[in-house]
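Start from the sequences, fold in the hints, and give me the full structure.
Chains as they are written, first to last, in this note's numbering: chain A, 1 to 328; chain B, 1 to 326; chain C, 1 to 367; chain D, 1 to 551.
None of these hints come from the bench; they were simulated from the model. Backbone N, C-alpha and C define an ideal beta-carbon position, used for all residues, glycine too. Just to be clear, a hint being listed does not mean it is correct.
Using C-beta positions, here's what the derived DEER-type ranges look like [as the list claims (entries may be wrong)]: (1) A:L110 <-> C:A366: 21 to 29 Å; (2) C:R94 <-> B:A50: 23 to 31 Å; (3) A:A308 <-> C:E362: 51 to 59 Å; (4) A:I295 <-> C:Q249: 14 to 22 Å; (5) C:D347 <-> A:T38: 46 to 54 Å; (6) B:L116 <-> D:R127: 23 to 31 Å; (7) C:E362 <-> B:G33: 40 to 48 Å.
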Amino acid sequence: MSTATVPEGAFAGLRQRVPVGSLGLWLGLLVLVVIAATLSPGFLNPVNLLNIVRQASVVGITAVGVTLVMVTGGVDLSVGAVIVFGSVLAATVMAGQDANIPLACGVVLLMGLVVGLLNGTIVARWRVPSFILTLGMATAISGITQMYTGGTAAGAVAPAFRALFNGRIGIVPVLALVFVAVVLLGLYVQTRTVVGRRIYLVGANPRAALLSGVPVTRTRLTVFAISGVCAALAGLALLARSGVSSTFAGQGFEFDALAAVVLGGTTFAGGRGGIGGTVAGVLILAVSFNLVNIIGLPFDMELLVKGAIILGVAALHVAAQRKEGLMT
Amino acid sequence: MTSVPASPTARPGLSGFDLREQVARLGVWVALGVVLVVGIVAVPNFATAANADAILRQAAVLGIVALGQTFVVLTGGIDLSVGMLMGLVTVLANGIMGGDPALILPIVLLALGCGLVTGVANGLGVVAARVDPLIVTLAMLSVLQGVIFIYTDRTVGSAPAEFRDLAYGSIGPIPTPALLLGGLAVVCWVILARTPFGRYVHAVGSSAQDARKAGIPIDRIRLAAYVVCSVLAAIAGLVLAARLGSGFTGAGAGFELSSIVAVVVGGTALSGGRGGVAGTLAAVLLLTILATMLNLLGISPFAQRVVNGVVIVVAVAVYTAQRREA
Amino acid sequence: MDRRIPIVGTTLVALALAAGPVAAQDASGESGQPIVIPEQYVSPEALTADTVVDTSAFAKEGPWKLCVSSGYLVNSWVVFALQHIRYQASLEPRYESEIVVTDANFDPNKQIGDITDLINQGCDAIIYWPVDDTAIEPGLEQAVAAGIPTVNVGGGYADLPGIVSNAYIDQYELGAAGALRLAEALGGQGKIVSMLPIAGTTAAVDQDKALRDVLADYPGIELLDTQNGDWNRAKAKELTETWLQRYPQIDGVFTPAGQMSAGVAEAFDEAGRLGEVRFSPGDEYNGWLKWIAAHPESNGGVVTFPPSAGGVGVQQMTRILSGEEVTKGIHVPSLWYAPEDAAALADEAAPDDWWANDLPAEFLPAS
Amino acid sequence: MGPATDREPHAPGPPGHLDEPPVIELRGVAKAFGIVRALDGVDLAVRPGSVHALVGENGAGKSTCIGIIAGVHRPDAGTVLVRGTPTRFAGPAAAEAAGISVVYQEQSLVPDLDVAQNIYLHREPRRGPFLDTRRLYRDCTAHLERLAIPVAARAPVRGLSVAERQLVEIAKALSRDASLIVMDEPTASLTSVEQEHLFRVIEDLRAAGRAVLYVSHRLDEILAITDTATVLKDGRLVRTMPTAATSHQELVTLMVGRELVADLYPPRPASIDRSGPPRLSVRDATIAAGGQSAIEDISLDVWPGEIVGLAGLIGSGRTTLLRTIVGVEPGATRGVQVDGVEVDPSPSAAIAAGIGFVTEDRKLEGLALDLTNLANLVSTTLPARRGVYQAAAGRAIAETAADRASLPRRVLGARSRTLSGGNQQRVVVGKWLAIGPRVLLCDEPTRGIDVGAKADIHALLRGLAESGMAIVMASSDLPEVLGVADRVLVLREGRLVAELPGGVTEATVMAAAAVGGDTLGDSGAAGAGGTAGNDGTMTAGDADEPPMGGR
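What follows is the structure, encoded as structure tokens:
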């Protein structure tokens, strides 16, 4: 007996194989792209498009990790602080020497892992609500960052680090490639691994997952660890991009990432959504930002439009979901 | 002899009193007590009337906005727009008054009107458009900030002396803003604990579906919660306007998160349904007193931040552990 | 007074200006010296800075407990200003060695509370930089009422009852100097964009006004767009990338803060359009100084935004506590360094997020 | 127990009410959800002073019918008449105002409120604009006592067991001055004693001139207590008839549309070979306070091919025992062996040892409703090679499991939420069959599912046992326990008090469950089940206090 003859089953199977999020979301992105292309002839220039992807890379890399956390029903607001700490730490360890680059990257990723494991342990074992826990963690980490640096972003970026990560291969920015690589890796974990399966089971019904033998605690720990490492990697990306660490630079990244993830259809309730939708969310925000600048709106109007775009896309997305019968 | 057989799960109900649940509920008050005792015993210049006065005045702004945030969180929502609303009220109030006491009443009405409109807009976004509250209010944050900058791009206006009394005056020995906070807290407590509306707020947050089955108009309750939240944020904005005495465009930034922290540290579950304003009030006092103590102890600002983060983490962890056992 | 030199200079230039704006070629003065700008661009409120303040009410015997209320600390400039305060206080034996520092993290409500805490713990003097001048003034008034002098450092000049004195850097003057320098570099012709700090801050407001006032005298220069780069190198770079996409030709960039100058310049460089553009002077942020050293051909030099204002504030405070007569404001002059001289300020060994300074090693920010 | 005269005669019902117009009447009502026609031209009239049964298989349209009567759904076509007046309910509140009260099958209590707050939700006694808390608890306590429901008015609902919640649910519906009470599977999680009590309550309601619309899968109940029966099939009305004029067989035929085997229960094997080692062995399971209730020193052995039934009242520890065996109850002491090998206390260890656990509550613990049935079916196994999920193997496992649980393969890609209760239960059973279990623990395996599906599941369990599996089945449905199990263990207050052969009478079991282990010990040779017993604490005082018992 084959499922192919039954439309319902076939469609669901298809959706599982191509984990891109909802169609409405990509249509929304398309609309924004069309508007931008109409307003600015240079918008569709591949270099510009790739630049937008590169601009989105810091938030995007972060959002991949946050997505996995949110699919399990949690949230990670400490990522902004980890990004900043990561970039500061990397610059300090590098101290301007190319020879220190591997060590610096290693130390930063390890830091992200440790923070993620700490978040995950507290959330999974003590079952503390992750929103507030990671908010507190963010405050503590930014304090530690300042204590560590004495308030200024110490250290210096090694020349080769910038040359490598802020450069291009052909016309393709390396950071855009890193972003794409992280997305593909994330999609692989989400769709092809046991961990990916477990993440959805835990998010959709943790009690059922536990009884089904899913290691719920370890799964939660894993996603927070992934999120921490992604944020640390985003910190490295930020450093590569801005050339300097700053104790101030990362403020707000956690909400940018969160907005992208939620726009992408991953809900706070968990069990739904995924990295595919998140990528669309990240790109929608990036194109919106670009669009607002293209039009050259004054700061006040910029804020109004930004609010309207977030709300509009989210409402469209919700409407599409409701049509799909996912919401009651 | 009781007529209930066996089931230990019925035990809490037997007396209608569960010790652990009560401990969980009182946890934040216990922490507040401990911090107070430590402060009085170990921190120089802490146990003075002047310090108490300062703490109460500083706590009032966060306290009032956190009261409102409690309503929204109880329904299972969240409001990130409160800070910018406070900023807008601060800017408009001082900008328009420009020191003219005759404008106080109109300004108060205008502020409440701003709160009402914002609350209705947030509420409709959540109940009518069914967008996640975090997204709705994040968008609203952006919109309100835009409105502030449409009105002015710099610090404007001033508050007349009569208006400043809202923040700096005293009635008897009690600072006016503390009295306002106390009064609003009592009103909010009565609403939540003693009126049908309050009961429905809890019910909607605990299980919207079941509340709907009971005939509760859940959308209207949610909408009302956002309105209450925004109106209280507007009142907090008025107190902030009086305290700052001028319209600073960035005045309210940060209150969205600090109010949520206060609500959660106060024991209201972010998932909704459980908690109340009493805990929020205690948490606001706890956080304010802690900040003051660290200042009085001369702890470095960087270390203070770490302490703040750890306090949030530990408070919530301990609290969760208590609730889980209960 | 420290302010006299620029004013004298200003007068001279003003005379020279009689022939028209083009004559203001030397408007920025000599390299390494305080900036000099035409009188028409001097902000009027700054003139009250010469008002003499009676400090007798604040005079007291040492030792003095010096306290610092910071509006924010997540910014390397204020960290350096704080280190200048520490250093300067260490030179005056009447100050207690321990300095109390509070941080309001951009919340004016908390800064008022912090100031009250400082009053309650018996501080003898409060040096501060505000979240916003007027927004925290009620707290300062309480301090003054309690007999505690207050000195504002780093921000603009503010004439308010709660402020005993200001060690100020004139944001308008700095902006005007930068704008004039850019206008001259462009020969009075071209299209420019403007990158300002955080919207609503005194710096953004004053610099914007200065730019527009100067441009009013240069009708050949067109201001294409204004954005807020928030003193953030990454954000400035991102905004500039959009400019580069929008405008096929950009002749000049007005960006008087080094963090943003560096981000803007990098974006132009990466787009291969560094050749077409002139920059306004940035400040002595080390990342910008390093850029200047590496790109002698394309930079706008430096108009300093000296963190030593912190030290000047302590000196002013010492006079107040001693009962000496002071003025309402003490101007901390911005110095002008031509591009060729600015490179010498760069400290290649130090991080980018660093400021040119003369502090002894033990007073440099800990890392 | 609970004689009718104890109850407040709060019914206005005048005599001669049978001549009155129906309390509620549906005429030609149709309702579609998307392309699914849930109801198609259904007529239904419920008269005052009558108990009206609504029967049908899952998906027959019963729930939609209730939804329309309760004002949750609005009909696409047809008329709803309340006491003869055409009415359109704006919402649940309007239906409630019209005197309609619903006991939902899917319980509708708000977990963070207490019992009294739930019972009077949206109808709180007030004093001026404020809640009259004192009266709330006073009224509620009186109401609960009147119904002899052993739950405290101030008990938070979050802490109540499923059965206790069901009782509160009924109390809530009865607290309204309703002229029509709709009961959707009210006995699904009740034990026999509680059911008996409920039936007396219903009898009183009828006597008081109220109308009761009674929805149940348990045909014996329907035949016993209802006056009229309406059978739905596929959203259409099949027939309405006086209950007295029909039979079990006829009802089943009408519902299913085909003849079912007369005996609902599969034949039991003549004997079980207990000479070998037991497949599942539990020694001295003890836990002070588990998720549901405490248990103490429970030991049992189950041999291959055997189905052991667990009977007992609410809170007797049936569920806790099962949860302890699979190792999800922290703090429990226990010795569990499968085929003589010790099993660590964790669900994954239990799965590795071949223990499957079909949980009581599908939505709470059984299924991830938002995920596909395929995802749920493979959730217990997740075939992997070096961390990489083997999709093809997973699909094969799911298909095999679906086949064994009689779940159509075409629904594998659909979300579990979209299935009927019976099919959802098949998914739950299927995901445990996927592990190739040696031991299967079932908690209320047929709760709230229809006759056909129920018989399927019974047959499935029997078939699994015959293949050598050891099965432990806890159920409140006593006929089910007696009909399916080879051996029945009776729990009371967390202790094992009796061990009875399958096929004993319900009365025997109830006596043991309510009174204590008088009948225990005769089958001690059958296993360690005999080790727990009457320790003398069971006094006559306890005996007359079953949950629904009165004073």
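Hint check results:
For L110 of chain A paired with A366 of chain C, a C-beta distance near 23 Å keeps the hint of 21 to 29 Å intact. Hint check: R94 of chain C to A50 of chain B, Cβ distance near 26 Å, so the stated range 23 to 31 Å holds. Between A308 of chain A and E362 of chain C the C-beta distance comes to about 53 Å, which sits within the given range of 51 to 59 Å. At about 19 Å, the CB distance of I295 of chain A to Q249 of chain C agrees with the hint of 14 to 22 Å.
Taking 46 to 54 Å as the suggested C-beta distance range, the pair D347 of chain C and T38 of chain A conforms, at roughly 48 Å. The supplied range of 23 to 31 Å is met by L116 of chain B and R127 of chain D, whose beta-carbon atoms lie about 29 Å from each other. Between E362 of chain C and G33 of chain B the CB atoms are about 43 Å apart, so this pair conforms to the stated range of 40 to 48 Å.
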